[in-house]
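Enquirer: Read off the chains here:
4 protein chains.
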Amino acid sequence: MAGNTFGNVLKITTFGESHGAALGCVIDGVPAGISISTREIQLELDRRRPGQSKVTTARKEKDQVEILSGVFEGKTLGTPIALLIRNQDQKSADYAKLKNIFRPGHADFTWQQKFGLRDFRGGGRSSGRETVARVAAAAIARKILDSKKIKIIAFAQEIAGIVSQKFDAKVIEKNLVRAADSAAAQKMEAAILAAQKIGDSVGGVIEIRIQNVPAGLGNPVFDKISARLGAALLSIGGVKGIEFGVGFAAAKLRGSEMNDEFISLKKKKTNRGGGIAGGITDGSEIVMRIAVRPTASISSPQKTIDSKGKAQKIEVAGRHDPCLVPRIIPVAEAMVALTLADYLLASRLDRI
Amino acid sequence: MAGNTFGNVLKITTFGESHGAALGCVIDGVPAGISISTREIQLELDRRRPGQSKVTTARKEKDQVEILSGVFEGKTLGTPIALLIRNQDQKSADYAKLKNIFRPGHADFTWQQKFGLRDFRGGGRSSGRETVARVAAAAIARKILDSKKIKIIAFAQEIAGIVSQKFDAKVIEKNLVRAADSAAAQKMEAAILAAQKIGDSVGGVIEIRIQNVPAGLGNPVFDKISARLGAALLSIGGVKGIEFGVGFAAAKLRGSEMNDEFISLKKKKTNRGGGIAGGITDGSEIVMRIAVRPTASISSPQKTIDSKGKAQKIEVAGRHDPCLVPRIIPVAEAMVALTLADYLLASRLDRI
Amino acid sequence: MAGNTFGNVLKITTFGESHGAALGCVIDGVPAGISISTREIQLELDRRRPGQSKVTTARKEKDQVEILSGVFEGKTLGTPIALLIRNQDQKSADYAKLKNIFRPGHADFTWQQKFGLRDFRGGGRSSGRETVARVAAAAIARKILDSKKIKIIAFAQEIAGIVSQKFDAKVIEKNLVRAADSAAAQKMEAAILAAQKIGDSVGGVIEIRIQNVPAGLGNPVFDKISARLGAALLSIGGVKGIEFGVGFAAAKLRGSEMNDEFISLKKKKTNRGGGIAGGITDGSEIVMRIAVRPTASISSPQKTIDSKGKAQKIEVAGRHDPCLVPRIIPVAEAMVALTLADYLLASRLDRI
Amino acid sequence: MAGNTFGNVLKITTFGESHGAALGCVIDGVPAGISISTREIQLELDRRRPGQSKVTTARKEKDQVEILSGVFEGKTLGTPIALLIRNQDQKSADYAKLKNIFRPGHADFTWQQKFGLRDFRGGGRSSGRETVARVAAAAIARKILDSKKIKIIAFAQEIAGIVSQKFDAKVIEKNLVRAADSAAAQKMEAAILAAQKIGDSVGGVIEIRIQNVPAGLGNPVFDKISARLGAALLSIGGVKGIEFGVGFAAAKLRGSEMNDEFISLKKKKTNRGGGIAGGITDGSEIVMRIAVRPTASISSPQKTIDSKGKAQKIEVAGRHDPCLVPRIIPVAEAMVALTLADYLLASRLDRI
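Chains as they are written, first to last, in the working numbering: chain E, 723 to 1074; chain G, 723 to 1074; chain A, 723 to 1074; chain V, 723 to 1074.
There is no bait here: all hints are sound.
Which copy is meant is left open, because identical chains are indistinguishable; a pair holds if it fits in one copy or across any two.
The calculated EDC-like cross-link candidates involving lysine to aspartate or glutamate, where the alpha carbons are at most 20 angstroms apart (straight line), are:
no., residue 1, residue 2
1, Lys870, Asp1072
2, Lys821, Glu983
3, Lys865, Asp768
4, Lys821, Glu1037
5, Lys991, Glu1007
6, Lys974, Asp922
7, Lys797, Asp1072
8, Lys870, Glu762
9, Lys896, Asp768
10, Lys989, Asp1028
Calculated directly from the structure, the hints in this document are not laboratory data.
No experiment lies behind these values; they were computed from the predicted model shown.
Just chain E, with the same shape it has in the complex:
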């Protein structure tokens, strides 16, 4: 209820502040008998790690994970798996002057309103750094998906107004922005650096495709797979919208244009619904797009107020991603993996 737990069957609870001692999570509900190693988790963390390229923040964090429990002789025990990532490169001093100032576009003001106090160092728990625990947990969820060959592909569909023109999954991890179009990637990278140079930031759109999803995953009514995937992705800081299949374009279509005709039990003629009907997967590829706002932290001067309501000027120094898209991609994949693994396990309960 306090918002730090995700999942029905496979439950992850995360903890940690950006500049506290550590971040981590407890994953409960993992079936016994899954092979998992520290290395497999670390690989995922490395994809999300800060400082991985010139278009990401310069904060240096090794983000080394330790498995504290729940794994014995290389296999899951069926007991809670606790993962720990110590914070290292914390320059908390940078933040002392932000103690009483609300950064525009950030959660400083809203968290203060809710809790009456806050860890003002780097946004505390409202920092994107919190997602490190999600990515770690998702490495375990992925093992469950692997057993069904379910594959999640996320990529930069658009950055700074530059839209990808083709889809080549092989190039995604070969360019700094994680686009599926090498030519567009070059332009996106340049646009990010140009914005950074003038102390500004840019936004974009991430597309996520999930392949080999069996038909029949999801729940009726409130826990439709679209609803929960929506919540999962909207729970990532900076995400301002989500759409499935043709998404907002559906508003302009007619029913005869929107409906996906069945060709066989395995195939539909089109996939405008994005692989989901009535909140349950239909066996087609799930297709989603999320809107990512430009990074709130910018170094050019902004007007704001302090905790007394007095006008202040602020330049957010620190070390920030000039565009969130490249580093949100592994986080978005993580949330999708956690969601799908949860539904996959839960589907064992569907029939007597």
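With the hints as your guide, set chains G, A and V onto chain E.
Expert: Relative to chain E, chains G, A and V alone:
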């Protein structure tokens, strides 16, 4: 976990199939001492009722609600409130021929895949008729919001490609499509009827604004108010996307254009974030838009398959809404009311 | 959280006040494809029904159940099953004079303290009448247990100080007190009637045995099967204690006397642990006993206070069970059935 | 659902195996603004620590706690509080020979049946060592109770058949067995050592009293405070029974003897109900007793089987508590503290 319960503190569990004996819900977690009458619930149901105008389905349902429990001498007892709505105008025979056929755009196929059997009469529980229970429950949630003067306004922003050009809250309930722009409403109505005439349907966009929301509502991490509002609205059949504030347009903005400057503790210069920062309300109006697909049920002939995978032709007779927007509006309001009332109660737990 | 829901996977939410319009429940998480009929549910309700013999209350309730949803053509749909039982023989007028008086041993005072108001008619929701919904729901849980041949036997082990001397399962439903010892049953019956005659009531002990339970049911740590069976049975009004296996007698044993030696993978030499070790079933019979207090409602005069704290004298007229044991037995079975069916379904999630 | 989380509003999730890297917990739902220090938590852990006296195990664990998150500048942030306790004195080699043998009275067999594999070192997660995390978490719960002056007193009421004859709270922490009767304590201590000498163990009864509990705590129906306190205490390994107020003795009383007469709104003449009526506190002292079995680990030889079902002889070497009572006392207090703090916070939701 089975997906029929919504909320953390204020929990609603709904039940019922489109052509079963009844629909209804149990609302648990309602504080004791709230005044509520059958009439107040009925008023909300009447706004959602089928057959209310020429642009909605001709199905005749009085949708009369009975309070079975939890209310005594006009006040809530703190015990579960059960609400019952009997089904009446069920023409189940219409559906017998659909027993083994999957309607395109519907959940027939996916539910069959999940459960191995289904109530094929009018979509069973996957029918939009299920939302009657949500609207009934929300009448109680609204009483909690009323005490804080929180106001929810939803309207047709776009139907069949016709976009509203102005916002006049007073006209919403005075036109058949529930637009906030009377001139646009006329054109939308005409477009719906035109589509219906040729056995087709149209989609649209609903905008939802929430006024007088106190700052500080929401939860960290997974249960951000944007995440849960997203899930709440995406749990309505036919909704294919959601965006907050400037939404997908944020992808094209720079940080300096997107950030909302604070002017005072009560006021920001702009509201591009849509009233939410870091998953918690900032005291500004919450602004959301949802994409509504054109109705899947259309009377013009479509190709599909039966449960053996054999090709079939289908004309979905029945009585259907040619556009879901007008009747989804009260449902969207209901989901927002349930979500906000839940957070409002939960906020009592924020501080010692 | 408001306390009206039970179960993790198989979730039952009950509603209703003793003298309100109706009682009932929604059971969510029932797998699709289970055969169930109104008759099967009614049979269980008839075992719990008031007025079934001279040792039970004279209140006349047919307790007729209606299935409102979730069942189609005789099979569960996988959607919520709502069950409705209308109240009929409500003599609410009897209770008007109790509006401002707190009956000793009842929940009048404590509910008033919690909620600030209450339905004073027959205890409202704190009445034992509430358990009718549990028994109805359990009829469905039993169908799940039946598929594994799991059998629940509950009986009066002791009433009014008279202790059963033998165990003959066949006689339980053949005597009015539901003892497994016919001779003891005669004495128990006489003791109940004697107490009733002088306006008093008696207590007892119920023993519950569960047969054919597979080894490996239960959860680590907080959700041990003993912990949840404990909660399940302590949630029945009037239950003041529970013990497993040798129970409180374990306090006087040595480890060498208490430990159950394994003879084979299927058999232990003794069953002092009562079929549970470390919170998980070991394949032996589960054995529990619960202490049932004498009925709080007695017709002999008692001293008490009213809502202003002023001294009052009270004679609880109404129609009451002079001993709760016979009618709690089916309720205890119901709670055990709900608990076990829940664990049985959940055990599908134990291993990859 | 996997059983490692406790609480509705104040939720604790524990993790860790007896001989793994660490044990710990995440506590979510703690309101912001509570002062808490590592030292306060450590004090509670020291009361539970092994090796504290000659009647407890010789295992040497400092059980030093580290706060990983959720606390900033000495105050709770409203975010999850993660607590870490590293394992140190692990003599895992002792357990290698137990890899394929099931210890009588232990969870080796049942966990193997459930999960198909297990951490056989010291019982893994089924070890009593797991409770260290509960005690740590409860230190925070206690801060919430302190604000209402709620006080929990637990003591050895009976050990090895020796029953306390008086109640003197001041002596509890001054004798090794934690009895409230110094003379009885001497005999209990002697009895424990005598049993230990012959390679055996003894059981006992713990009484728990909770003072200054406000009236009105608890929930209707399934989540009665007696039900949840029952579950909380039955979730401690080795607890075989629980009773409230007069408990099992209620079975032999008449209604006229059992009912507690009200004298004023603040006072009842007697407290046979143990401070709870209808699952909700009545403002009197809550009184409970739990039955603790003799320690399963004994060094005298026992017959058992191995994982193939072959007969084996076993002498459980290791270092074990000859009586669980003294060290379960702080654990029982912890579970009570967690339960009460949860209800206390939840009670903010009772009324509008």
